[in-house]
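Participant: Sequence:
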Amino acid sequence: MSSKTKKLKKKSVTTKTIKYDILRIDWNDHNTGNHAWKTKEELVHKPLHCVSVGINVKEDKEGVTLCQNMGDNMDLADTIYILKSCITYRAKLGTVQYAKET
13 MSSKTKKLKK KSVTTKTIKY DILRIDWNDH NTGNHAWKTK EELVHKPLHC VSVGINVKED
73 KEGVTLCQNM GDNMDLADTI YILKSCITYR AKLGTVQYAK ET
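Numbered continuously in my numbering, the sequence shown closes out at residue 114.
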């Protein structure tokens, strides 16, 4: 009798590495009152300065979408869209590599 043993074959997994920029974006935002009565002197008559940091997941000529969280299947959570016309400062802080099985 032959005592041959079968070896298990591992499935070949191909991955595609995608690099995303991590950005800091300073931007001006519209603002609204605190829903209470105010005098004209108490009125805030300027945009609010905001700072957002995240993964640049999509960008076009109009705006940038940053993401705070990415799942293992590249699902996104906690995104913000910023109009480029509102950006006052932009800096690349680094990159993150994301490997996706293909």
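If you are wondering where the hints come from, they were derived from the structure by calculation, not from laboratory data. It is possible that some hints are incorrect.
What the hints assert, rightly or not - The calculated BS3-like cross-link candidates involving lysine-lysine, where the alpha carbons are at most 30 Å apart (straight line), are:
{"hint": "1", "residue 1": "LYS50", "residue 2": "LYS104"}
{"hint": "2", "residue 1": "LYS31", "residue 2": "LYS52"}
{"hint": "3", "residue 1": "LYS28", "residue 2": "LYS58"}
{"hint": "4", "residue 1": "LYS104", "residue 2": "LYS31"}
{"hint": "5", "residue 1": "LYS31", "residue 2": "LYS96"}
{"hint": "6", "residue 1": "LYS73", "residue 2": "LYS50"}
{"hint": "7", "residue 1": "LYS58", "residue 2": "LYS70"}
{"hint": "8", "residue 1": "LYS104", "residue 2": "LYS58"}
{"hint": "9", "residue 1": "LYS104", "residue 2": "LYS52"}
{"hint": "10", "residue 1": "LYS96", "residue 2": "LYS73"}
{"hint": "11", "residue 1": "LYS73", "residue 2": "LYS28"}
{"hint": "12", "residue 1": "LYS52", "residue 2": "LYS73"}
{"hint": "13", "residue 1": "LYS31", "residue 2": "LYS58"}
{"hint": "14", "residue 1": "LYS70", "residue 2": "LYS52"}
{"hint": "15", "residue 1": "LYS58", "residue 2": "LYS96"}
Participant: Compare the structure with each hint and give your call.
Facilitator: Verification of the supplied hints:
no.	hint	result
1	LYS50 with LYS104	40 Å, violated
2	LYS31 with LYS52	49 Å, violated
3	LYS28 with LYS58	45 Å, violated
4	LYS104 with LYS31	13 Å, holds
5	LYS31 with LYS96	22 Å, holds
6	LYS73 with LYS50	39 Å, violated
7	LYS58 with LYS70	29 Å, holds
8	LYS104 with LYS58	27 Å, holds
9	LYS104 with LYS52	40 Å, violated
10	LYS96 with LYS73	8 Å, holds
11	LYS73 with LYS28	27 Å, holds
12	LYS52 with LYS73	38 Å, violated
13	LYS31 with LYS58	37 Å, violated
14	LYS70 with LYS52	40 Å, violated
15	LYS58 with LYS96	18 Å, holds
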